[in-house]
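Given chain U, put chain Y in place with the hints provided.
Number of protein chains: 2
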Amino acid sequence: MTSRQATVPAPAPAPGPEPTAVDPGTGRDAILRAARRAFTQRPYAEVTIRGIAADAGVSPSLVVKHFGRKEELFNTVADFGPAAAELFDAPLDMLGRHMVVTLVSRRRELQSDPLLRVVFSLGNRDERSLLRDRFHEQVTDVLAARLTGPESTLRAELIAGHLLGLGATLSLHREGAGADATPEHIADLYAPALQTLITG
Amino acid sequence: MTSRQATVPAPAPAPGPEPTAVDPGTGRDAILRAARRAFTQRPYAEVTIRGIAADAGVSPSLVVKHFGRKEELFNTVADFGPAAAELFDAPLDMLGRHMVVTLVSRRRELQSDPLLRVVFSLGNRDERSLLRDRFHEQVTDVLAARLTGPESTLRAELIAGHLLGLGATLSLHREGAGADATPEHIADLYAPALQTLITG
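Heads up: the sequence lines are chains U and Y, in that order. Using this note's numbering, the final residue of the first sequence is 196, and nothing's skipped along the way. Using this note's numbering, the final residue of the second sequence is 196, and nothing's skipped along the way.
Please note that a few of the clues may not be correct.
[Stated by the list, open to error] Simulated restraints on C-beta separations:
| id | chain 1 | residue 1 | chain 2 | residue 2 | range |
| --- | --- | --- | --- | --- | --- |
| 1 | Y | Glu82 | U | Leu106 | 30 to 40 Å |
| 2 | Y | Phe84 | U | Asp137 | 31 to 41 Å |
| 3 | U | Asn71 | Y | Thr72 | 34 to 44 Å |
| 4 | U | His181 | Y | Leu88 | 34 to 44 Å |
| 5 | Y | Phe84 | U | Arg46 | 27 to 37 Å |
| 6 | Y | Thr195 | U | Arg46 | 49 to 59 Å |
[Stated by the list, open to error] Now the stretches of chain U that chain Y is said to cover, found in silico as 3 or more residues with beta-carbon under 8 Å:
| id | region |
| --- | --- |
| 7 | 52 to 59 |
| 8 | 66 to 78 |
| 9 | 82 to 91 |
| 10 | 168 to 178 |
Everything labelled a hint here was simulated from the structure, so no lab data went into it. Predicted model only: the values in this text are computed from it and were never measured. Cβ atoms here follow ideal geometry from the backbone N, Cα and C, with glycine treated the same way.
Pulled out of the complex, with its shape left as it was, chain U reads as follows:
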C-alpha cells in the first residue's frame, strides 16, 4: 500500500518439489501491493490478473501460482480478519492502548497499514463495495459485539474512525513527528480517546 519498496524479510518459501524462483518473496510482496492498489482503486469487474501482473512486473501465471484466480486474490486482499483478531486481542479495559501500539508496530514492521486500504477504496465508484462490506463484518461488527453499554454500534464506528485516522495521518506525514515517536508514546497521546469510547 506504500510506495516505498518493502524491506520486510521475505517469508521462507514452502517446501515442495518445485524449484524456488529467484526471490519469490519479493514477487509475492509486489503482487500483493499491486493487487491492493487494483482492488481498492478500481471496480472489481475492471480488475484483471493480467493488469495486476503487469503492475507487479511478473507474469500472470506467477500471480495465479501464488494466489489463485481473481476471486481468491481478492479474498486475500480484502481479508481484515487476521488484523482485527490481533488488534482486538486484549481485555476491554486495556484495549485502547493495545490497539494503538499494535497498529503502529505492525505498520512499521510490514511497511503497510493493516486497515487503511479500505479508505482508499472510498475513492472509487464500485457499487458492489465488496471491500467495505468485508470491513464492516470483520472489523466494525466484531468490535461492536465486544462492547458493552449503550450505542455500541456508533461507538464501534467511531473507534474504527480513530484507528483509520491514525493510519492515515502516519501515512500522510511519513517524515513527520509521528515517524520519530515510539508506538508507546503515540499511545500515550492517542489511546485515551479510544479507551473512553470502549469503557466510558
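Frame of chain U, contents of chain Y only:
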C-alpha cells in the same frame, strides 16, 4: 468524492453577458467531483482535462471555462485553505468540539468531506505528492502553529488523524449509526479526544 449524486442546490450563476448553460451548477459539481477523483487517484502527469471532462460528461471547453487549465483546476481541488480556516475558527478551549461539529455538518451539506480526499491520494504512487504537500502546509502546519505547549507538531498530526478518521468512518458506514446521529452527539463522543490533544 462521494458516489452519490450531489443534491446540494446549485449556486446561482454569476451575472454576466454570457447566456447561462442549462444547469451550470450541476456541471460545475460534476467537474469538481471528476477532478477530485482524477487528481487523488492518478499521478499529476497522467491527469488530463479531456479525461476529467469525459468522466464528468461535459466538454473539455466547459471544464476550462469554469476552472481554467489543468494547473488551475488542480489548485482548486488541492486547496484545503478554506476548509482549514472554517475548521479552526474557534478559541483553543472550544476548538475540539467546533472541529467535529463543523466537519460533520459540512460533510452533510456538501455531500463531500472537506479533508478526506488527501487520504485517497495515498493510494497512488505520485512521487510529487502535491496534494499531500498542500495538506501539510494548509492544515497540519497551521494547526501546529496555533497550539501551545510541548510536541505541537506531533499533536497537530494526531489531531489531523482524528479528523481524517472521522470522515473516513462516516464515509465507510454511510448507512450506519453515525449517519443517524446529530453532529452535536457525535461531538459529545468524539471531540473530547481532540480537545485533550489541543489543550491537554
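Evaluated hints:
Separation of Glu82/Y from Leu106/U is about 36 Å and conforms to the stated range, judged on CB atoms against 30 to 40 Å. As the Cβ distance of Phe84/Y to Asp137/U is approximately 35 Å, the hint placing it in 31 to 41 Å holds. The hinted range of 34 to 44 Å is satisfied by Asn71/U and Thr72/Y, whose Cβ atoms lie roughly 39 Å apart. Between His181/U and Leu88/Y the beta carbon distance is about 23 Å. The supplied range of 34 to 44 Å is therefore violated.
Judged by the Cβ atoms, the range 27 to 37 Å given for Phe84/Y and Arg46/U is violated: they are separated by roughly 47 Å. Distance hint for Thr195/Y and Arg46/U: a CB-CB separation of about 54 Å, consistent with the stated range 49 to 59 Å. Counting residues of the region 52 to 59 of chain U whose CB lies closer than 8 Å to any CB of chain Y gives 0, so the stated coverage by that chain is violated, three being the minimum. Here's how the region 66 to 78 of chain U fares: 0 of its residues keep a CB closer than 8 Å to some CB of chain Y, so the rule of at least three is not met and the hint is violated.
Chain Y is given as covering the region 82 to 91 of chain U, and this is violated because 0 residues of the stretch bring a CB closer than 8 Å to a CB of that chain, at least three being needed. By the rule of at least three residues with a Cβ nearer than 8 Å to a Cβ of chain Y, the coverage given for the region 168 to 178 of chain U holds, with 6 such residues.
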